[in-house]
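Participant: Top to bottom, those sequences are chains A and B. FYI, the numbering for the first sequence is 162 to 551, going by the working numbering. FYI, the numbering for the second sequence is 136 to 268, going by the working numbering.
Treat the hints with care, since some could be wrong.
Partial chain B-side listing against chain A, Cβ under 7 Å, derived [said to hold, decoys possible]:
1) 210
2) 212
3) 228
4) 231
5) 233
6) 235
FYI, nobody ran anything at the bench for these hints, they're computed from the structure. C-beta: ideal position from N, C-alpha, C; glycine also.
Next come the chains, spelled out residue by residue.
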Amino acid sequence: MTKKPDAVVVAGVGMMPVGEHWDLSLRQLALEAISAARLDSGGLRPQALYVANMLSPALSGQSHLGPLLADFAGMRGVEASTIEASGASGGVAVRQAYLALMSGAIDVALVLGVEKVTDKGSSQVQAALATATDAEYEAVQGVTPSTQAALLMQRYFYEYGPPEDSLAGFSITAHLNAVTNPDAMFRKAIRREQYASAPIVSEPLNTFDVAPLADGAAALVLARAAALPDGQEYPQVEIVGSATATSALALHDRPDPLDLTAAAQSAQTALMQAELSPEDIGLFELHDSFSIFAALSLEAAGFAERGKGWKLAQNGDISLTGHIPIGTFGGSKARGDPGGATGIYQLVEASRQLQGRANENQVPDAATAMTQCLGGSGATASTHILRRVT
Amino acid sequence: METSQHWRLRKQRYALVGEVCPHCESKIFPPRDICPDCGEDAREMYQFSGRGEVYSHTTVYQAPSGHAENVPYPVAIVRLEEGPLVTAQLTDVGDQPIEIGTPVEMVTRKLGADGERGMLVYGYKFRPALVER
Ligand SMILES: [Zn+2]
């Protein structure tokens with residue numbers, strides 16, 4: 162394949178393990194990821210910084226992260242701003258950087274996802290998360306994202322009647338993939354019996370259906386291909402599809418809550434841009450903050466028929482050697498859930514796969530990857546398609 | 136939310152007042168002034184009956200601040216008999232098993248405390264229907 166000078170490529174990636182970083186503040190976490198990505202890019206100088214974050218104003222009392230982090234990371238003066246789209250912040254930030262690069266306005270962009278959640282207690286975190294639901298009609302009723310996921314899961318089981326532990330495979334696969342990921346939060350395989358006996362979070366949702374929200378930071382240096390110096394160490398990864406779509410914030414405002422229309426729409430648009438169909442996708446980093454979203458996302462993106470997404474978790478289809486591997490480094494479930502930074506982790510991990518530097522987690526012959534992150538219960542969905550070029 | 140925010144919502148929250156679309160007859164709750172079905176203006180007020188059935192349900196054990204003292208509490212999405220879905224807590228459930236399809240009716244109850252001053256917020260909840268229909 163020939164290089165296109167105006168293509169947008171991944172020039173560098175960096176990330177911190179997701180976890181409880183008691184010794185690091187939000188800005189220190191951010192700096193670690195930024196430094197790693199810039200080093201990986203061979204020292205490219207970003208002309209703009211896009212910060213993806215959802216909880217800093219509520220949990221750290223800090224907004225206006227753009228200039229704060231640009232300054233702290235030694236880039237004082239560059240254009241910098243924050244993108245907030247709940248759990249989809251990362252994908253939407255990549256989309257904004259992609260548009261700026263495609264327009265030719267800039268040649269190099271830095272996209273950072275950062276989240277600092279462990280400084281606050283559970284009820285404060287739940288309240289902060291609940292602000293991503295409809296405040297006047299959901300949060301006021303005591304609804305949180307876990308509640309939304311439980312309501313969807315209950316209805317899913319009612320409409321399609323899969324076996325009681327049909328979503329267990331998502332959690333089991335995620336944990337298995339995390340065993341060989343040194344950066345993962347939970348590096349321990351789990352058994353089906355453990356899933357079946359796990360404590361209930363919100364019926365029918367149990368603790369293994371829920372990804373652990375923790376601190377994290379990941380960064381990407383994106384560039385126009387023409388701006389890259391020659392002699393790159395790794396195969397080039399190009400963004401060949403980028404799309405964001407929205408739906409109603411509240412579950413009750415959607416004609417069919419089990420139909421993640423924003424996820425479907427953004428996936429279709431991104432696939433169309435890439436001139437690909439779901440069968441061409443080598444791996445799918447999807448949004449598994451709750452296991453039900455893994456099933457619904459597989460259905461929305463066209464990898465399974467409606468009501469049959471759970472079947473892909475039964476017989477290895479989603480494993481590293483299956484026909485559509487997901488959460489290849491453990492996903493949010495086992496790598497850890499970095500909130501609004503999720504989309505950046507997904508692109509970092511997908512890039513590593515396509516560059517052949519996924520080590521023990523390598524998906525054999527991965528040439529194309531899809532990433533998709535969801536905000537709220539799918540009110541925002543941002544999809545990207547990456548392809549290995551050289 | 137502050138007092139004025141809750142005050143603005145009093146009609147829908149205490150009396151389940153929504154809207155009806157003058158163009159396509161769609162009943163709309165919560166009110167949103169633009170019909171989600173046909174995209175036209177829809178500002179005509181409409182009084183919902185408060186009757187419906189459970190579309191989905193769960194129980195909250197890990198509550199956000201303001202609701203912590205009420206755990207565990209049941210939450211449902213209710214399909215109102217006029218068509219729209221609405222998210223609400225269930226109340227007065229007792230020993231009655233809640234299932235998808237269980238008939239419910241609207242009542243007004245305390246929803247929780249809001250803000251730093253802990254202002255009490257009242258609004259609709261749903262309970263199992265007392266009269267068989
Ligand atoms: Zn209408």
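Participant: For every hint, state whether the structure bears it out.
Facilitator: Comparing the hints with the structure gives:
| no. | hint | verdict |
| --- | --- | --- |
| 1 | 210 | holds, 6 Å |
| 2 | 212 | holds, 6 Å |
| 3 | 228 | violated, 13 Å |
| 4 | 231 | violated, 16 Å |
| 5 | 233 | violated, 10 Å |
| 6 | 235 | holds, 5 Å |
When each numbered hint is compared with the structure, violations occur for hints 3, 4, 5.
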